Structures are given as C-alpha cells and as structure tokens.
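Visitor: Letter by letter, the chains look like this.
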Amino acid sequence: DAGITQSPRYKITETGRQVTLMCHQTWSHSYMFWYRQDLGHGLRLIYYSAAADITDKGEVPDGYVVSRSKTENFPLTLESATRSQTSVYFCASSPLTGGNTIYFGEGSWLTVV
Amino acid sequence: KQEVTQIPAALSVPEGENLVLNCSFTDSAIYNLQWFRQDPGKGLTSLLLIQSSQREQTSGRLNASLDKSSGRSTLYIAASQPGDSATYLCAVFNAGNNRKLIWGLGTSLAVNP
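Protein sequences appear in the order of chains P and X.
FYI, the numbering for the first sequence is 1 to 113, going by the working numbering.
FYI, the numbering for the second sequence is 1 to 113, going by the working numbering.
In short, the hints are calculated from the structure, not lab data.
All values derive from a computational prediction rather than experimental measurement.
Yeah, the Cβ is synthetic: ideal placement off N, Cα and C, and Gly gets one too.
It is possible that part of the hints are untrue.
What the hints assert, rightly or not - Negatives, chain P to chain X, calculated, CB over 10 Å:
hint	residue
1	8
2	100
3	101
4	111
What the hints assert, rightly or not - Listed next, the in silico DSS-like pairs over lysine-lysine satisfying Cα-Cα at most 27 Å (straight line):
hint	chain 1	residue 1	chain 2	residue 2
5	X	68	X	42
6	P	57	P	11
7	X	1	P	70
8	X	68	X	1
9	X	100	P	57
10	X	100	X	42
11	X	1	P	57
12	X	68	P	70
13	P	70	X	42
14	P	70	P	11
15	X	68	P	11
16	P	57	P	70
17	X	100	X	1
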C-alpha cells in the first residue's frame, strides 16, 4: 500500500548506543519531517527536509542526525542515545510546506534504558 | 512567538451529543490551521485544513471554523459516536519569516455509549 512507513515500531536500547529510525514514503512528497511527541510538550520538530540532500534543524535537533539521499527515505539517527530521548517519534511528509496537508507515519516508540 | 492552546485538555460526553473543541492562537499571521485526530498508539490523521482566507471547512459530521482576527478556531462534531473517541490536535502554519507548524497539546475526547 502507498503511504508512509516507519521502522522499527518499537525499540529498546541502552544509553550510549546508536539507533536509527527509518522512514519511507511512496508519494514522492518533497517535504519530510521528524517529530517527537512527549507528554506535556506535544509535538516538537526535530529535523525537516525540503528535498533530497536538503535538510534543516527544527526545534530540538541536538543529539540527532538526519540524511536524505533519496526523496522517499528520511532516516533519523540518535548518535549516542540518552534517557531523555525516550519518546515516540513520528515521521511525516507533505507535497509542499504550509498550504498542504501533512501525512504522518504510525510512530516509532523508543525506550532508552 | 506563536502559541497554540487547546481547551479543555480532556472532555467526556455521552453518545449523540454535539460538541465543540476549541483552539486559540496568539499571532493572527498564519497561512492555515489544521485539525488532526490521533488514536492511542497511532499516528496523526489530518481531518480538516482551513486556509487563512477561509472561514470554515466541513467534512461529514465535522465542521471547523476559523476567526483569524480573534485567534480562534473551533471543531464542531455533530452527533458524537464512541468511534470519535481520540485526541484532537490543532496546528497553525505561521506566515512571515518564521514559517513553521505550531502545535497545540490536544484535547482528549471520550464519547461514552
């Protein structure tokens, strides 16, 4: 089915480990986003990308790295996981920014122990 | 700095009731406002998008209004059903130099049979 898929859906990792969350969309949307959602903070933008090879920081980029070598993929890497990065992570995409609907994946639940 | 507030944080109603969810924002310079639904353990699904030049949008039993000058939007749900139980989030897309999506924390709705 077409859409936006995230993997893994659930992950437990240890402090200090590197973790990569994958995101794949089949619509060829230009824009892709990574958010984290935490109780009391709502959705916070980590990184976004306007096109392949173009990425930019959001509100909370520290400790995260992204890349976008292909339009359809936008992986998020936690270089050295910390407990404060325990969260649910959502990938999203949109054909354009601003005036268009944004489509979300199902989320990746990450626990750092 | 744009801030988005959703009141109440939680709402419980009996099935069949018409209800209104509120969203307020502090800066009227927006491109659009979107309402989303989030089911437990799931991603967000876009319900309605209202452009800044529009006053309302309708989809089935849902009607969203926008009063940009007063910084308010309402999501009206007619004849509520248990299947409407979810968290409803609103987000505004800022105009001007700070063009990004600003999220409210959501209203958790429970519709009781």
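Visitor: Does each hint fit the structure? Answer for all of them.
Guide: How the hints compare with the structure:
no.: 1; hint: 8; result: holds (14 Å)
no.: 2; hint: 100; result: violated (8 Å)
no.: 3; hint: 101; result: violated (4 Å)
no.: 4; hint: 111; result: holds (14 Å)
no.: 5; hint: X/68 to X/42; result: violated (30 Å)
no.: 6; hint: P/57 to P/11; result: holds (24 Å)
no.: 7; hint: X/1 to P/70; result: violated (34 Å)
no.: 8; hint: X/68 to X/1; result: holds (16 Å)
no.: 9; hint: X/100 to P/57; result: holds (12 Å)
no.: 10; hint: X/100 to X/42; result: holds (23 Å)
no.: 11; hint: X/1 to P/57; result: holds (18 Å)
no.: 12; hint: X/68 to P/70; result: violated (38 Å)
no.: 13; hint: P/70 to X/42; result: holds (26 Å)
no.: 14; hint: P/70 to P/11; result: holds (24 Å)
no.: 15; hint: X/68 to P/11; result: violated (42 Å)
no.: 16; hint: P/57 to P/70; result: holds (18 Å)
no.: 17; hint: X/100 to X/1; result: holds (12 Å)
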